[in-house]
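Colleague: For reference, the chains in residue letters:
2 protein chains.
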Amino acid sequence: MAQKKTHCDCLNTIKPVRDALDVISGKWKLPIIISVGVGNDRFTDIQESIPLITPKVLAKELKELEQHKLIKRIILGEYPVKISYKLEPYANTLTPIIYALKDWGINHRKKVMDR
Amino acid sequence: MAQKKTHCDCLNTIKPVRDALDVISGKWKLPIIISVGVGNDRFTDIQESIPLITPKVLAKELKELEQHKLIKRIILGEYPVKISYKLEPYANTLTPIIYALKDWGINHRKKVMDR
Chain A
295 MAQKKTHCDC LNTIKPVRDA LDVISGKWKL PIIISVGVGN DRFTDIQESI PLITPKVLAK
355 ELKELEQHKL IKRIILGEYP VKISYKLEPY ANTLTPIIYA LKDWGINHRK KVMDR
Chain B
295 MAQKKTHCDC LNTIKPVRDA LDVISGKWKL PIIISVGVGN DRFTDIQESI PLITPKVLAK
355 ELKELEQHKL IKRIILGEYP VKISYKLEPY ANTLTPIIYA LKDWGINHRK KVMDR
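Heads up: the protein sequence lines correspond to chains A and B, in order.
Quick note: the first sequence uses our numbering, first residue 295, plus one each step.
Quick note: the second sequence uses our numbering, first residue 295, plus one each step.
Chain A with its partners taken away, still in its complex shape (with noise of 0.2 Å):
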């Protein structure tokens, strides 16, 4: 009988690929690094350069990335408070990731227009 093949171990691969994408995925999350990046620091301001997201949504997805230690929430004045958002030094070492999604993507919708 032919000897079952063993499926080949790619964990090592799975594994942290899962954690990055488990900080990083969704709808938002990079749209926001990358609109604080380009120098959005208001909440109207990055909620108005990101298309379709909520103040509730943005709201949550901006706590989270503190969370994850990526942005820094600076409260700037008492009375009337002012808050600003600027990223983390860490944030930094998401630019190869971003990069390399936006040329895949830009590639990806000229090969689907292609078809």
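Take the hints with a grain of salt, since some may be wrong.
Which copy is meant is left open, because identical chains are indistinguishable; a pair holds if it fits in one copy or across any two.
[What the hints assert, rightly or not] With a cut-off of at most 30 Å between alpha-carbon atoms, the simulated DSS-like pairs for lysine-lysine come out as follows: (1) Lys321 to Lys405; (2) Lys376 to Lys363; (3) Lys405 to Lys357; (4) Lys405 to Lys350.
Quick caveat, the hints were computed from the structure, so don't treat them as lab data.
Since the structure of chain A is provided, determine the placement of chain B on it from the hints.
Modeller: Below, chain B alone, put in the same frame as chain A:
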């Protein structure tokens, strides 16, 4: 009155990044591509190599990856029907993203553990 700062435009990065995430986001797509890429070409081998994925989910994800021209489904034999999967050449364009995510995931896990 202080001139209202208009938000900085970053759509030319957000849109392609989102196009890419639409295709590869989620828990299973990249793990399946990684698994087939290391040589798992049979349905059960792919399923066994990815923890917690069910046959129903794997079948759905494989179909979507076929539609995105990333995976090819090959019928090997008529009776009994034997099916094999392999990466389309186009899937190689994901390699930079997979390695960037892998590196980031490894470092993120270390950073989280060090806290």
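Colleague: For each hint, tell me whether it holds in the structure or not.
Modeller: Each hint tested on the structure:
1. Lys321 to Lys405: Both, since 22 Å and 24 Å are each at most 30 Å.
2. Lys376 to Lys363: Within one copy, since 21 Å is at most 30 Å while 48 Å is not.
3. Lys405 to Lys357: Intra 36 Å, inter 18 Å, cutoff 30 Å: inter-copy only.
4. Lys405 to Lys350: between (35 Å within a copy, 29 Å between copies)
In this structure, every one of the numbered hints holds.
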